[in-house]
Amino acid sequence: MFKTLSKLGLVAALLCTASSAAFADKLQDVLDRGYLIAGSGSTNAPWHFKDESNKLVGFDIDMLRLIAKGLFDDATKIEFVNQSGDARVPNLATDKVDVTCQFMTVTAGRAQLVEFSVPYYREGVGLMLLGSGKHKNYDALKAAGSNVTVSVLQNVYAEEMVHTALPEAKVDQYDSVDLMYQALNSGRSDAAATDQSSLSWFMAQNPKRYLDSGFGWNPQSYSCAVKPGDQRWLNFVNTVLHEAMTGVEFNTYAASYKKWFGAELSPPKIGFPIEFK
Amino acid sequence: MDILQALDAVWAARWPILEGIQHTLFISILSIIMGTILGVGVGLILTYGNRWIRFLVRLYSDFLRGTPVFVLILACFYILSVVGIQLTAYQAGIFALTLFCSSHVGEIVRGALQAIPAGQTEAAKSIGLTFRKMFVSVLFPQALRQILPTWVNTATEIVKASTLLSIIGVVELLLSVQQVISRTFLSLELYFFAGFVFFLINFAIEKVGRLVERKIAIPT
Chain L
1 MFKTLSKLGL
11 VAALLCTASS
21 AAFADKLQDV
31 LDRGYLIAGS
41 GSTNAPWHFK
51 DESNKLVGFD
61 IDMLRLIAKG
71 LFDDATKIEF
81 VNQSGDARVP
91 NLATDKVDVT
101 CQFMTVTAGR
111 AQLVEFSVPY
121 YREGVGLMLL
131 GSGKHKNYDA
141 LKAAGSNVTV
151 SVLQNVYAEE
161 MVHTALPEAK
171 VDQYDSVDLM
181 YQALNSGRSD
191 AAATDQSSLS
201 WFMAQNPKRY
211 LDSGFGWNPQ
221 SYSCAVKPGD
231 QRWLNFVNTV
241 LHEAMTGVEF
251 NTYAASYKKW
261 FGAELSPPKI
271 GFPIEFK
Chain H
1 MDILQALDAV
11 WAARWPILEG
21 IQHTLFISIL
31 SIIMGTILGV
41 GVGLILTYGN
51 RWIRFLVRLY
61 SDFLRGTPVF
71 VLILACFYIL
81 SVVGIQLTAY
91 QAGIFALTLF
101 CSSHVGEIVR
111 GALQAIPAGQ
121 TEAAKSIGLT
131 FRKMFVSVLF
141 PQALRQILPT
151 WVNTATEIVK
161 ASTLLSIIGV
171 VELLLSVQQV
181 ISRTFLSLEL
191 YFFAGFVFFL
201 INFAIEKVGR
211 LVERKIAIPT
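As given, the protein sequences belong to chains L and H, one line each in that order. Taking this note's numbering, the leading residue of the first sequence gets 1, the next gets one more, and so forth. Taking this note's numbering, the leading residue of the second sequence gets 1, the next gets one more, and so forth.
Errors might be hidden in some of the hints.
As the list claims (entries may be wrong) - So the derived list for chain L, only partly shown, Cβ under 7 Å to chain H, looks like this:
| no. | residue |
| --- | --- |
| 1 | 44 |
| 2 | 45 |
| 3 | 54 |
| 4 | 82 |
| 5 | 176 |
| 6 | 178 |
Claimed, not checked - Some chain L residues judged to face chain H by a derived CB distance under 7 Å, without partners named:
| no. | residue |
| --- | --- |
| 7 | 49 |
| 8 | 50 |
| 9 | 53 |
| 10 | 56 |
| 11 | 83 |
| 12 | 94 |
It is worth saying that the hints were derived from the structure and are not from the lab. Beta carbons are placed, not taken as given, at the ideal position from N, Cα and C, and that holds for glycine.
Model the full assembly from the supplied sequences, consistent with the hints where possible.
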């Protein structure tokens with residue numbers, strides 16, 4: 001609690017000092033500079049991580065490259081600033097980055113410190129099953145009641161989280177993701193519950209071995225974030241992301257989605273814009 | 001634990017990990033050297049300075065020793081950039097560790113100098129040595145025997161504190177290993193590996209310290 005408070009305090013102090021800076025036109029600044037300074041992490045697959053050849057890759061990274069492509073018609077005109085999750089807000093406040101895309105969950109509290117773009121992914125909790133296992137989908141798991149064991153990452157809310165979806169299931173908590181998956185492999189558990197994106201990534205890495213239960217819960221939105229007070233820059237980031245999901249860059253977005261989450265997206269319906277339906 | 005799989009992952013990522021080790025070593029060595037030079041100055045002022053400058057340096061030293069390194073690193077990275085000094089994460093990190101090291105070395109030097117019997121200073125003065133000569137040939141060699149064991153301790157603290165730079169995005173050994181973990185999920189094995197490398201670095205520092213200690217010991 002104190003840690004959070006002191007962190008917020010630091011951030012608030014930084015924001016007060018930073019917001020007194022002169023009127024800024026970030027879009028023009030970035031164009032003049034000739035490259036985008038993008039904030040993201042390097043330790044979370046499939047969002048932002050180093051691949052075998054030590055290149056920074058992932059879904060967040062692809063979104064940032066789309067912004068660079070929008071700015072300069074060249075997705076390589078980008079400099080990545082490696083930051084931890086804690087550094088996302090302060091690095092924006094102190095202008096160390098132009099924009100941050102780092103699986104940032106949109107909350108009302110955070111929206112008072114940064115400005116969020118439109119969401120580019122909806123995260124949630126999913127259930128992964130063994131392809132050769134007893135239960136084939138969520139309904140089968142639910143019907144099995146207390147005969148089902150779910151492995152989950154250790155967390156204060158872990159038990160409550162699983163019981164939201166499977167009220168009678170037994171919950172086994174594990175220290176790390178690999179142990180959780182091992183429990184599923186060895187039959188100690190019937191399903192593994194964790195972030196849908198992690199499951200999708202893991203299933204894409206090990207095709208045909210696992211099944212998705214088809215049920216997800218605990219929704220949260222992931223958005224890019226910019227420093228508050230520069231509407232033109234925020235509009236630009238929004239436009240890039242929006243058109244990536246519904247417009248000219250849809251194929252790039254869909255290819256990235258397929259690569260990291262293993263699923264095909266169907267193009268938006270042609271004709272009346274889907275977002276106003 | 002799947003040791004072979006872990007070793008395989010380490011081997012596959014050997015270049016980034018080596019680069020991480022190189023950064024850890026460079027950051028640590030630079031911070032220790034600069035912190036020691038600054039710290040000897042701090043120690044001298046704390047022992048021989050006039051009242052006002054001593055008061056200021058005492059404030060500096062107490063403030064830095066009373067602050068967690070973590071907070072110091074964040075302060076150097078963020079607060080300096082608010083007042084217009086834009087340091088890179090790498091520079092800010094080395095700066096923070098240097099300050100931290102200097103305050104500790106300062107206290108070590110002060111303690112060692114004050115532990116030398118007053119008769120030594122009096123004797124040096126009575127044969128007409130200047131302060132510089134007295135410090136270099138009489139006081140410092142004696143103080144060094146006191147300083148060395150605690151200094152080795154501070155040096156290993158700095159190596160360990162360098163892991164905290166990962167929080168502001170410096171890819172030192174720990175963060176480079178975390179990057180491999182995020183791809184392979186071999187968390188236990190790889191953290192053990194990182195810990196072992198840190199142990200080796202600190203063990204080497206300790207061994208060198210012991211060697212120098214033996215060299216400068218009073219012959220019996």
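Evaluated hints:
no. : hint : result
1   : 44   : holds, 6 Å
2   : 45   : holds, 5 Å
3   : 54   : holds, 5 Å
4   : 82   : holds, 4 Å
5   : 176  : holds, 5 Å
6   : 178  : holds, 4 Å
7   : 49   : holds, 5 Å
8   : 50   : holds, 5 Å
9   : 53   : violated, 10 Å
10  : 56   : violated, 9 Å
11  : 83   : holds, 5 Å
12  : 94   : holds, 5 Å
Figure legend: structure checked against the earlier numbered hints; hints not met, in rising order: 9 and 10.
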